[in-house]
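Trainee: In case you want the letters, here they are:
Protein chains: 2
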Amino acid sequence: MGLTSYQHLEKRFKRIQILRSVIHLLRWDAEVMMPRGSSEVRAEQLSLLDTECSAILHSKKTLLLLDRVESRMDFFDDWQRANVREMRRICLCSNAIPKRLVNSLHRATTKAEMRWRQAVEEKNFKLLLPHLQKVVDLVREKANCLGNKLGYLPYDGLIQEYDPGRESQKIDSIFQVLDSTLPALTDEVIAYQSNHPPLGISKEVSIKKQKELGKFIMQRMGFPFHKGRLDESLHPFTEGTSEDIRITSKFAENDFLTGLMGVLHETGHAMYDFALPAEWFFQAVGRDRGMTVHESQALFLEMVIGRSREFMRFAAPCISHKFGVTGPEWEPENLLRLANRVRKSFIRMEADEVTYPLHILLRYNLEKDLFSGKLQVKDLPEAWNEAFSQRFGMTPENPNQGCLQDSHWPMGYFGYFPTYVLGGIMASQLYQSMVKDQPGILPQIEAGEFKPVFDWLDQKIYRFGAKLSCRELVVQATGEEINPETFLDYLRKKYLNP
Amino acid sequence: MGLTSYQHLEKRFKRIQILRSVIHLLRWDAEVMMPRGSSEVRAEQLSLLDTECSAILHSKKTLLLLDRVESRMDFFDDWQRANVREMRRICLCSNAIPKRLVNSLHRATTKAEMRWRQAVEEKNFKLLLPHLQKVVDLVREKANCLGNKLGYLPYDGLIQEYDPGRESQKIDSIFQVLDSTLPALTDEVIAYQSNHPPLGISKEVSIKKQKELGKFIMQRMGFPFHKGRLDESLHPFTEGTSEDIRITSKFAENDFLTGLMGVLHETGHAMYDFALPAEWFFQAVGRDRGMTVHESQALFLEMVIGRSREFMRFAAPCISHKFGVTGPEWEPENLLRLANRVRKSFIRMEADEVTYPLHILLRYNLEKDLFSGKLQVKDLPEAWNEAFSQRFGMTPENPNQGCLQDSHWPMGYFGYFPTYVLGGIMASQLYQSMVKDQPGILPQIEAGEFKPVFDWLDQKIYRFGAKLSCRELVVQATGEEINPETFLDYLRKKYLNP
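Sequence order for the protein chains is A and B. Quick note on this note's numbering: the first sequence kicks off at 10 and runs consecutively. Quick note on this note's numbering: the second sequence kicks off at 10 and runs consecutively.
If you are wondering where the hints come from, they were derived from the structure by calculation, not from laboratory data. C-beta: ideal position from N, C-alpha, C; glycine also. Don't take each hint at face value.
Here are some chain A residues the structure puts well away from chain B; computed CB gaps all over 10 Å [as the list claims (entries may be wrong)]:
id : residue
1  : Leu34
2  : Pro233
3  : Thr250
4  : Asn374
Listed below are several chain B residues computed to face chain A (Cβ distance under 8 Å; list not exhaustive) [as the list claims (entries may be wrong)]:
id : residue
5  : Val31
6  : Asp38
7  : Pro44
8  : Glu49
9  : Val50
10 : Ala52
11 : Asp59
12 : Leu73
13 : Asp76
14 : His235
15 : Arg238
16 : Leu239
17 : Glu252
18 : His330
19 : Val334
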C-alpha cells in the first residue's frame, strides 16, 4: 500500500526539519568552534541547505499534495489539521518571495553586515548608508510580496515571518500604553533605587567557575545535558532542535551576573525547545510558536524568575559556595538589587526590564516610518537621536550609541524587534498567572525546586508546539490577551515596592 | 548563454563536495562535541545528506551529461579530462551498488558495530558472530557488484572504494616479501634494542601542556590554524576539507609520546588535504588520491619524520621547555629510542613500524579467505590465533587480543586494511627520495624548518590531487613503484644501524 497524500507531505516536512537541524548545527559551530578562515565554505554550506528547504516548499508536488489534503480535512484529527495549516503557512511565506529577491537580499545583507562592522569601527553611519538603503529597498519589496500573499499590510507581512498572526495595529496600541508610561516610571524607579543602592562587587571570578555555576543551575532546572551543551561565544545564543540544543553565554571575570543572566535567558529558550511535542518533532506543528512566545520563555527565566527574590535566595548560597566568597555584597537581597538596577543607557543590550521596552518601541516606530516612506534611510541617525532624547532625556554622542548599535537592520530583520517587548509582557503575565494558579510555587523556587515551574509552562505553552496561535496560548494561560497594563503592574510592584 | 554539459557536471559535483564537507563536520562534531543523547538525529542527518549525494550520482541527467562530455574529451585540457575521468569513476562506484543493498548494509553494520562493542565488553566473539556473518554476506554481494561493474575480481572491487586502481595480485606479491622477512627482522631488532634500552619516563604531564606542545609543533610545521583546529577525542582522527580541517589526538598524562605521535599522524593527513589544488576544491579531481596516498602522508610525518633523529633533536628542547623538565631521559637520543621501541604486541594500534605490517597482512589474508569462501566467519577466531602465533610466536588469550580488536569488519570495511601498509612503504620511499633530492633537508628538520619538507611533498604529491593515479605519483616521486625492498632497507638502517 502506498503512502497517502498526507503521509507524503509529512515525509517532505521531515526532510525540511532534518535539513534545518543541520543548519542549526552549522550556525552554532560557526560561532563557537569554526576557524576564522572557514567562513566562505560555511556560507556555501548554509546556502545549499537553505535552497534545498526552499526547493521542497516551492515544488509543485508539495503544493499539489497540500491542495489535496486540504480538501479532506475532516479525515484528520486536530493535530494533523494544525500540522496541515502550519505547512500551508510555511509554504505561503516561503513562496511569497521570488527566488531572485531571496538571492538579492542574501547578497545585500551579507554586504551590509560587513559594512556595518566597519561603520561601527569608524563610528560612521555614512559607510553603511548606501548598503542599508539597498537592504531597505529590497525588504520593502519583500514586505509587499509577503503582505500581498498573506493578506496583510506590507510591514505586517514582514512580522509574519517572526510572529505569525501579529499585526502592527495591535502592537501600536500596546506600545502606546508603554510609551506614555515608562519614561515617567523609569524616573520614579531610579529615584526610589537611589535611596536603596546595592553594594558593588569588585571581586573577579574565573570564567571556569562561572561556567560551573551556570551548569549547576541549568542542571537544577532540568536542562538535559545528554541532549545539550553550554559553551562561550561573543553573544549568548541558543541553536538547535529538541534532540540537540546548544546554548552559549558570554562571561567576563568582573561581571558574573551578566554571564549568569545570559545562561538563564538561553536556558529559557532551550527548555521550550526541549519540551516541544516529541511525537511531532519532524513536523511543522512540532515547531515553536514564533519569536514572541520564544522570547517570553527566555525573559521569563532571565528577567522574571532569575531576578526574583526567591531565585536569589536559592542562588546566593550556590554562588557563595562555588565562588568561595562571603560578605554582605553576596547576600540575596544585595544580589537582587544589583540584578534589578534600573539605569538609562544608550545601549539596548545593557538595558534593564523597565527601560528595555523604550529602546524597542523607538526602533519599531522608526521601522514603520521607513516602510511608510515617512522617513528616509539617510535621516535615520537624526531621527533616532531625536526619538531617543524624547524618551530618555539624553542624546547619543555618536552613532555607535545610536542607530549603529544593532545588526538587525543591516541583516534585513525588520519586524523582529517588537517580539522582544511582546515576549517580555507575556512573561510577566505568565508569572502572575502561575503564582495565582499555584501559590506554593514561590517557596519551591526558593528551595531550588524548578520542576513545578517547568511543569506549569509545559501544561500551558510547551506541549502545544505550533498547534495554537500565540493569542490562544496567552489567553489560555493567563485569561487575557497580551496586556501592557498587567506588565506595568508587575513592574510597579517589583521596582517600587520590592 | 547557457552552461555547457561540462559546466553542468561541475555544478553537480560542486554540490556533492559541499554536502560532503557538511558530512565531515557532522562526523567531527559527533566525536568531539555532540551530546551523547543526540546520536539518533545525527544518524538521520548523515543519512539524508548521503542519500542526497547518491541521488546526484544516480540521476539519469548526470549520466547523460557524462556520456556527452566523454564523447568530446579533446575539447578539454588535461585537468578537465582527469576531472571527467574521476567523475565517471565515482559514479561507477556509487551506481554499482543497488540502493536496496546500501540500505541493508547500513542497517547491518550499524547493528554489528553495536554488537561488537558488547562482544568486546564480554570478550565473547559469539555475540558478534551472526551479525558479522550478515555483514560479510552483504559485503560479498557488494564485492560482486563492484567487481562486475568496474571490471575487477570481487575482492578487488571492494579495494577500489579506498584505493582506486589497486589489485590484490600486486598486494599479494608485496605482502609475501614482508611476510617472509619481518618475523625474523623483528627478532633481530628486539635483540639489538635489548642491548640499548632507553630510560623510561615516569613523569606525568598535564593534557593542557601536551596540547600546547602539539599546537606549537603543528604551527612550526605550517598547519594553518585559521582553517583548522586540534581537539581531543577517543581515537585520533582527521575530518574536513581543505577549507576547514579538524584533527584530534588522544592524550594521556602518563604517555605524552603517544599523544604527540597522534598529533603528527593527523597533521600529516591534514597537510595533504590543506594543499590539495584550491582551484579544483569543489571538483572530483581536487580530492585526495585515496587511502594509500593519504596514509603515506600521515605515516611520513608520524613514523618517518616524527621518529627520526633530526626531528627529536628539534623536538627535545621544545618538550623540555614546554613541560619544564630536564634530565637524561628527555635527551633526543633517549626520546628517539623510546619512540622507536619494537615490541611484539597482540594489538595493532599499539604496534611499531616493524611489526605493524604483520598485523595487517594477517588481516588481509583472512579477509581474502573469507571472500574466497575458504574461511567461514565462525572459524575466524581460531584462524586468527593460528595466523598470529605463526608470525609472532604467541597466542591471544581472548578474542579482544585477537579478532575482536578492530571495528573495521563489523563496520563493513573489507579491502581497507592493506592501505595502511602500502602507505607505510610509500612513506619510506618518499623519505629516501626526498633526502636524495635535497640532502640539506635533514639539518633543516633538525633546525625546526619544515617548509622544505612540505614544499617537496607539494611538488611530488599534494598539488596533483586526484589527477594522477597512486602508481603514477609514487613512480614520479621515487622512480619506482611501491617496493617492499626499499621499505625493508629503510627498516634495517633505522632499527639495526640507528
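Trainee: For a quick check of understanding: which of the numbered hints are violated here, in increasing order?
Mentor: Of the numbered hints, 1, 2, 3, 10, 11, 12, 13, 16, 18 and 19 do not hold.
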